[in-house]
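Q: Those protein sequence lines, which keep their order, are chains A and B. Under the working numbering, think of the first position of the first sequence as 1, with each following residue one higher. Under the working numbering, think of the first position of the second sequence as 1, with each following residue one higher.
Just so you know, the hints here were simulated from the structure itself, not pulled from any lab data. Only a predicted model underlies this, so the values are computations on that prediction, with no experimental measurement involved. There's no promise every hint is true.
[Stated by the list, open to error] Derived contacts from chain B toward chain A, CB cut-off under 7 angstroms, selection only: (1) Ser18; (2) Glu20; (3) Glu27; (4) Gly51.
For each residue, glycine too, the CB sits at the ideal point set by N, CA and C.
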Amino acid sequence: MSKTSQRDLFPGALEMMILRTLKRQPLHGYALAQHIKRTSDDLLQIEEGSLYPALQRLLKQDLVKAEWGTSSTNRRVRIYKLTPAGAKHLQHEVSSFERMLEGITRVLAPGES
Amino acid sequence: MSWLTQLFSRRRLYRELSEEIQAHIDEKIEELVADGMPWEEAKYAALREFGNTSLVEEKSREVWGWRLVEDFLSDIHYGLRTLLHNPVFTVVALLTISIGIAANTAVFSVVNSILLKPLHYPHAEELVALHQTAPGAEGLADFENGLLLSPSMYFTYAEQNRTFQSLGVWGTGTGNVTGLAEPEQVRTVGVSDGVLQTLSVPPVVGRWLLASDQVPRGPERVMLSYGYWQRRFGGSPTVVGQTIVLDSRSREIVGVMPEGFQFVDADFDVIVPLALDRGNAILAGFGFHGIARLKPGATIPDGNADIARMLPIWMDSWTNGPGSNPHIYETWKITPMIRPLKQEVIGNVSELLWVVMGTIGVVMLIACANVTNLLLVRVEARQQELAVRAALGAGWTRIVRGLLVESAMLGLMGGLVGIGLAYAGVRFLVATGPSNLPRLGEISLDARTLSFAFVLSVLSSLMFGLVPALKYAGPWSKSALRSEGRTTSATRERHRARNLLVVGQVAMALVLLASAGLMIRTFEALRTVDPGFADPQHLQLVRISIPDSLVTEPERVTHLQNEIVDKLAAIQGVRSAGFVSEMPMEGFDSMWDEIFAQDKVYADNTTAPMRLYKYMSPGLLQTAGTRLVAGREMTWGEIYRLRPVVMISESLAREMWGTPSAAIGMRVREFPKMPWHEVIGVVQDVREKGVQETAPEIVYWPPFKENLFGPGPAQAMRTVTFAIRSDRAGTEGFLNEVHQAVWSVNSNLPLASVRIMQDVYDKSMARASFTLVMLGIAATMALALGIIGIYGVMSYTVSQRQREIGVRLALGAQRGHVLQMVLQQGTKLALAGVAIGIGAGLGLTRLMTHLLFGVTAHDPLTFAAVSSLLILVALLACYIPARRAIRVDPVVALRYE
Chain A
1 MSKTSQRDLF PGALEMMILR TLKRQPLHGY ALAQHIKRTS DDLLQIEEGS LYPALQRLLK
61 QDLVKAEWGT SSTNRRVRIY KLTPAGAKHL QHEVSSFERM LEGITRVLAP GES
Chain B
1 MSWLTQLFSR RRLYRELSEE IQAHIDEKIE ELVADGMPWE EAKYAALREF GNTSLVEEKS
61 REVWGWRLVE DFLSDIHYGL RTLLHNPVFT VVALLTISIG IAANTAVFSV VNSILLKPLH
121 YPHAEELVAL HQTAPGAEGL ADFENGLLLS PSMYFTYAEQ NRTFQSLGVW GTGTGNVTGL
181 AEPEQVRTVG VSDGVLQTLS VPPVVGRWLL ASDQVPRGPE RVMLSYGYWQ RRFGGSPTVV
241 GQTIVLDSRS REIVGVMPEG FQFVDADFDV IVPLALDRGN AILAGFGFHG IARLKPGATI
301 PDGNADIARM LPIWMDSWTN GPGSNPHIYE TWKITPMIRP LKQEVIGNVS ELLWVVMGTI
361 GVVMLIACAN VTNLLLVRVE ARQQELAVRA ALGAGWTRIV RGLLVESAML GLMGGLVGIG
421 LAYAGVRFLV ATGPSNLPRL GEISLDARTL SFAFVLSVLS SLMFGLVPAL KYAGPWSKSA
481 LRSEGRTTSA TRERHRARNL LVVGQVAMAL VLLASAGLMI RTFEALRTVD PGFADPQHLQ
541 LVRISIPDSL VTEPERVTHL QNEIVDKLAA IQGVRSAGFV SEMPMEGFDS MWDEIFAQDK
601 VYADNTTAPM RLYKYMSPGL LQTAGTRLVA GREMTWGEIY RLRPVVMISE SLAREMWGTP
661 SAAIGMRVRE FPKMPWHEVI GVVQDVREKG VQETAPEIVY WPPFKENLFG PGPAQAMRTV
721 TFAIRSDRAG TEGFLNEVHQ AVWSVNSNLP LASVRIMQDV YDKSMARASF TLVMLGIAAT
781 MALALGIIGI YGVMSYTVSQ RQREIGVRLA LGAQRGHVLQ MVLQQGTKLA LAGVAIGIGA
841 GLGLTRLMTH LLFGVTAHDP LTFAAVSSLL ILVALLACYI PARRAIRVDP VVALRYE
């Protein structure tokens, strides 16, 4: 929290990554956090706890659904799963993110303008 | 709905969330431990990685948007706890609020039922009373009823109007029903065609009286009221077609009006057709109330213009007989003054009710000021707690909201209790209220009254909640954590709000006390007025009507009445008896006629001022206790011999001839063709229309007298009130003997309006006494609340200054001096309040001028009295805490806390 070098994610980024991760397979909270950390090669400094408000937001918007189940370590956990609405939302978000990224990249590219 | 289920399932949701987060952390720890980290270290690492768990939980909950609701619930929880923690404060505040709300709700329910709700007729807003005034008709013009309609007016208006859907005339009367059980006098309403159509209330059984029932000397038909139908016919549906013997004539019942149907402002048993005879109608005979229904879109000014247009037509179409000038009525300046029927029913109570509503509203303000004061004191005591909460991160909005929720709870609970009290109060009022309050039976707590109570609770909560909240919890408040130091004494600034409240309370209490004081003075003034009769407590009245179907011969009627007087006078304990066409203040429609004096000259010799007239028997004056000012009473002998004698009131004698004695021997008559009657006696003035109204000029004719309507046998007054002077008046045994005495003369005679004169007298004062009682209650409440307010502030101030006083005493200050200092502070507040109150009172009491009698709205005596009373009471309220303060041992005071 107090790491000054850390840059906040833009709003919606965490949700997008959660949806993308869940698109591959349903996961419970801990596994989800580990997966995001691992795949981002720890480039993104994400507090594990911040995952949960984001998950609640997605639940409320019906983009994911949750069911109680058992984890691989035999623990009672809530397993999150992408809903069709979530899949659609992800697609939309990714494409608009890509457009944004392209725009930013062009502006940042040297030599022009 | 889903958010509701979510709201209720949220506990489970939160539990699951906590469980999930805990599982997450456990899993992390396990993994770290598996990687070889010591457990203790792993636990901290896991928590560090995760972040602030409770913040995460809170943020996750926030997603669901319940924060507002939850804060609110916790505010309520917190508020309830603090209220329960201070039971004395809570009870006092609740009582104050609920009594205030109860009083306001009860009075509002009265105002609502009487003034605001429409009458119980379809499209009641179209209904009007055809009121008219005649400012040129001397004598008549002073009285509220104005000029009633004559039959010829009715015919003209009904046939020629352009603005009314329907129109008719009506009047009340009495009739004798025989043949059912004991002879019974019933209240009748006579209606012309058009009246029932105007009111538009369909009968519950049978049909209305129609035009075909209005044929003069045709078949006689009647309708019954619901109550009479139930009482005499057991509500039998086959009543239609049966006959009833009314005034010894058999009449066919054609219908029954529904339950709750009231005839404008009259209760009735039987509706009879007036069957006005068009062939006999003359211009005069102004004896009927007009009622009409405006055409859709037509307004009252339209109706007035329409009637003004028809008045010349009326004068052209009718006459008072050969030789009379029909246009003499132009000098009367007859002016239509149509008014909504509701106004006719309500009469003159609206001003009174608004005054009562206003005063009781002021009581509410005082109550709110008191509660504000209590809350201020409490919030001040809680300042540290609030500061701690603020320091722990509660926003000031949250704290203000918390305080407001607390006061709203007080207000709403007070409202709830208040509604309960108001319900009881309204029941009590309906049961005991003055019977001349119109629409009394309709008073109830309806939806509008309940919403009024609710809005009042919310508004007053805001009023007493916002002041302390903003003062102590606002962003601008100096909510320092500094402790209440031993050295601090109350600062001027801290007391300003409370002092202002006390000054306001005293001022408002003064206004209410002054208005109640004015009513007391009014009542006293009314009591000292000589009404023109004496000792009404021992004056028994009964009204007896002798219909011509029972006794045809007029002279026989008078003989019968004479016999009744003799029998009544012979009852043991009776000092005297007599009869008169109506006793003062009985409230029957008075009879008016033009009275000519022989030695006076009248314009075009055909018109003279209208005078009230009565028929009176010998002995009545002595019985009623009315003084004979000059001359003598008439005798039975003179009456039977049709001697042309008459008595007049003192005011009439003075007006015509200067002194009462000068009137003796003068001669007066009614119509130009009637014989002259010699004035043989002058009678003390009588407050005929109530104590508040000036005594009218009255002419007293003999009860048996030449025919008013041209040649023919002499006429007798058939319906009269018998007055009996006895110490036993009003007792059951006495009334039995009165019945026996009357029935020994004729067993078919029913007795009606059996009452003592005191009741009639009281009823005429009911308006004044009702106002007095209501304002008295309001003023007492205001005074009590005001005292509590002053006392509360003074004792709080004193307790705050206890250390200071202790120091002063320790340094050698005189106790008397300290006492004086405290008293001075209270007196200053009281004096400021009194000064403002006098200013406001002088302006406001003017609004009740019409309710006053014999006293001006700015009566100095009243204002001086209530001001001194308030100052005295304020001093007392300061003295008690002040004395407590100087009794304190300085050592104890300094060691205090």
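Q: All hints are to be evaluated individually against the structure, with a verdict given for each.
A: Comparing the hints with the structure gives:
Among the interface hints, the one on serine 18 (chain B) is violated; its C-beta lies about 10 angstroms from the nearest C-beta in chain A, farther than the 7 angstroms criterion. Checking glutamate 20 (chain B) against chain A: minimum C-beta separation of about 5 angstroms stays under 7 angstroms; hint holds. At a threshold of 7 angstroms, the smallest CB-CB gap from glutamate 27 (chain B) to chain A is about 5 angstroms, leaving the interface hint in force. Using the Cβ-Cβ criterion of 7 angstroms, the hint placing glycine 51 (chain B) at the interface with chain A is satisfied: the shortest such distance is roughly 4 angstroms.
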